[in-house]
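Between the sequences and the hints, there should be enough to build the whole structure, so can you do that?
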Amino acid sequence: MLVLLEEAGSPVACAVRPWDRLWARLRAFRLDSDLADGASPEASVALALRARMLVRTRHRRDLAVGADRVLAAAMQPAYARRLPVPVCRDRVRDCSEEFGELIRRLRAAGPVPVRGLAKAGVLLADASGPLYYRASADDLRARVCDAADALIVA
Amino acid sequence: MAERTGRMPAGDVALREVAPVRVAELTATAVSYRPEDIGAVIGPLYSELLRRLAAAGVAPAGGPAIAYYSDPACPSDAVIVHAGIPVAAGPQPGGGFSVVDLPAIRPAAVIIHRGGRRDVRQSLWDLAGWIEDHGYLAVGYHREVYLDHDPDDAGRVVTELQVGVTPTAGRGACSARSAGPGR
Chain A
1 MLVLLEEAGS PVACAVRPWD RLWARLRAFR LDSDLADGAS PEASVALALR ARMLVRTRHR
61 RDLAVGADRV LAAAMQPAYA RRLPVPVCRD RVRDCSEEFG ELIRRLRAAG PVPVRGLAKA
121 GVLLADASGP LYYRASADDL RARVCDAADA LIVA
Chain B
1 MAERTGRMPA GDVALREVAP VRVAELTATA VSYRPEDIGA VIGPLYSELL RRLAAAGVAP
61 AGGPAIAYYS DPACPSDAVI VHAGIPVAAG PQPGGGFSVV DLPAIRPAAV IIHRGGRRDV
121 RQSLWDLAGW IEDHGYLAVG YHREVYLDHD PDDAGRVVTE LQVGVTPTAG RGACSARSAG
181 PGR
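Chains A and B supply the protein sequences, listed in that same order. Residue numbers for the first sequence follow the numbering used here, so the first one is 1 and each next one is one higher. Residue numbers for the second sequence follow the numbering used here, so the first one is 1 and each next one is one higher.
Check before you lean on any hint, since a few could be wrong.
To be verified - Chain B side only, calculated, beta carbon under 10 angstroms to chain A, not exhaustive:
(1) PRO35
(2) ALA128
(3) ILE131
(4) THR166
(5) PRO167
Honestly, the hints are just simulated from the structure, not real lab data. This structure is a prediction, so every number in the text was calculated from the model and none was measured. Ideal Cβ placement from N, Cα and C applies to all residues, glycine included.
Set out below in C-alpha cells:
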C-alpha cells in the first residue's frame, strides 16, 4: 500500500509499513485533533492513514449516529442512560438546531472535507470538551457550527 | 508473579481505571516509537535511574516500574521515553532525577504482554483492534507497567500495556461509564 505525501511542494509516494498502521491506530485521537486543527493529510504517513480512515462511509455514518445519540440523549432523558459518558444535556438542547444541521451534513451524499470529519470526531470524543466537561469554557454551539461548516466542500 | 496477583491472562483486553502514581524518572529521546528504538534507550535509563536513586538514598516504593512516552517539543518521529520507578519521596534537588505524579487514566484499555519488547507489536495490535471494535479512540501513547521480569532472560518479561481511551459516542459499545462531570 502506498500513500501520497507532499515534500517540498511535490507529491511523493510513500510505502506504508505495518508499524505505520499500528501507530495511526494508537494515535487516533491525536491525529484527529491535528487534522481538525488544519494539518494536511499529506504531511505524514500517519495523518494520511488516519484521513483515509475518516472518510470511509462507515466512519462517517458512525459519526452521524453518535451525534444523533447525543441529541436524543439531550432531548429525552431515557436516552441519556444509553451513552457511555453523560453529556451536558442543557448545552446540547441550547444548540439542538445546529446539532441537527451537523447530523444532516454528515449524512448527506457526496464527499466532504476530511477536516470537517475530524472536527466532528473530536467534538464527539473529547472528554475535556464542552460536550462532556461542565468546566470547559468552549462554546458548544460555536464548536458544532465550526464542525458543520467544515463539512462543506469549498 | 503476575499470575499470582490475579491479574488477567495474556491476550485479554480489559477496560479499567488506572490509579495515579508518583514515580522518580529519567528521560531520553528515542529515534521513534518503534519497539527496537525504545529498547535501545530504556534499559540504560533504568540502570542509571537505579544508580541515582541509590546515591540519593531514595528507596523505591515497591510497585512495578512504569515507562511512558511523550512528544518532543518539535514535532518529529522521535519520542521522549520516560523510565519511572514508584517512590514515596518528594522531589530531590540535586538528585539527578525528576519526581513526577502520573495522573490517573480514566478509562484505560489494558492488556498483558508476555515476552520481550521485540514481540510487543502483536499485543499492541490486539489492543488497538479491541479499542476500535469497542467504539473507542486511543488517546496518547501507551504506558508500560513491568509486572515481572527475569534478569537472566530479557525475553521473559510480563508487561501490562495501558492506553487511555475515549468513547467515540457513535458506537456506544461500552458498558463502563466514565466519571465524567457532564449532566
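For each hint, the structure was consulted:
The beta carbon of PRO35 (chain B) comes within 9 angstroms of a beta carbon in chain A, closer than 10 angstroms, and the hint placing it at the interface holds. Satisfaction of the interface hint for ALA128 (chain B) is found here, the shortest Cβ-Cβ separation to chain A being roughly 4 angstroms, below the 10 angstroms cut-off. The beta carbon of ILE131 (chain B) is positioned within 10 angstroms of a beta carbon in chain A (closest approach about 8 angstroms), and the interface hint is therefore held. Annotation: THR166 (chain B) was flagged as interfacial toward chain A, and the flag holds, the nearest CB pair being 5 angstroms apart, inside 10 angstroms.
For the restraint placing PRO167 (chain B) at the interface with chain A, the shortest Cβ-Cβ distance is roughly 4 angstroms, inside the 10 angstroms limit, so the hint holds.
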